[in-house]
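Chains E and D supply the protein sequences, listed in that same order. Per the working numbering, the very first residue in the first sequence carries number 996; after that it's consecutive. Per the working numbering, the very first residue in the second sequence carries number 192; after that it's consecutive.
Please note that a few of the clues may not be correct.
[What the hints assert, rightly or not] Stretches of chain D that chain E covers, calculated by requiring three or more beta carbons in the stretch to come under 8 Å of a beta carbon on chain E:
1. 261 to 267
2. 297 to 303
[What the hints assert, rightly or not] So the derived label-pair ranges between C-beta atoms look like this:
3. D:Asn253 / E:Asn1066: 30 to 38 Å
4. D:Glu220 / E:Glu1077: 27 to 35 Å
5. E:Asn1066 / D:Gly276: 29 to 37 Å
6. D:Ser233 / E:Ser1068: 21 to 29 Å
7. D:Ala262 / E:Leu1078: 20 to 28 Å
8. E:Ser1068 / D:Gly276: 30 to 38 Å
If you're looking for bench data, these hints aren't it; they were derived computationally from the structure. By construction, the Cβ of each residue, glycine as well, lies at the ideal position given by its N, Cα and C atoms.
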Amino acid sequence: ETGVTQSPTHLIKTRGQQVTLRCSSQSGHNTVSWYQQALGQGPQFIFQYYREEENGRGNFPPRFSGLQFPNYSSELNVNALELDDSALYLCASSLGGGLSYNEQFFGPGTRLTVL
Amino acid sequence: AQTVTQSQPEMSVQEAETVTLSCTYDTSESDYYLFWYKQPPSRQMILVIRQEAYKQQNATENRFSVNFQKAAKSFSLKISDSQLGDAAMYFCAYRNGGATNKLIFGTGTLLAVQP
């Protein structure tokens, strides 16, 4: 069984650029959630995808968008990068979309630095 | 809106001793879950223990146990027989019983284990 993987591990961008982060969910999981973890803070929920549809969103602007593919892997896209977007981005996969409890398994994260 | 508060930014414990990490939360919901997650320096978030709000019995997982005080909205984690491998950032997290896996995290407690 393969765990949650994320790519790339590290990324450096400049303000105003666009970035795409990728997440492969654990085998058998159909739900992916994305979190932003600023330095010294707890993770903050960005959004969740279940069976290729967004079914929950946190307090993030529309320039944060996502996709989930038929194989349940996912992308997080951030447009018009700002300095405050510098953070560790975590994805977590689970089964079932959230209607009942299923454990979320986290990936190792992508460290994004915006200069 | 739900909130999670961890008032201890850092804690230290001697190897083999017991330490308690504190967490308080605020919610008006009756159906929810509470979690403690461990984030070692390698960054991958790992679930330590889970508590369902409807369960009166405190959850236990080997050396880890919780003290769930529902009326006081308190959820502390006790680590017994502390080991060097327990050194990590610990996050308290909340999840509604609703239709997404959205987790609300506290700001974390950095636990050091002294040999």
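Hint check:
| no. | hint | in the structure |
| --- | --- | --- |
| 1 | 261 to 267 | violated (count 0) |
| 2 | 297 to 303 | holds (count 3) |
| 3 | D:Asn253 / E:Asn1066: 30 to 38 Å | 35 Å, holds |
| 4 | D:Glu220 / E:Glu1077: 27 to 35 Å | 33 Å, holds |
| 5 | E:Asn1066 / D:Gly276: 29 to 37 Å | 34 Å, holds |
| 6 | D:Ser233 / E:Ser1068: 21 to 29 Å | 22 Å, holds |
| 7 | D:Ala262 / E:Leu1078: 20 to 28 Å | 43 Å, violated |
| 8 | E:Ser1068 / D:Gly276: 30 to 38 Å | 31 Å, holds |
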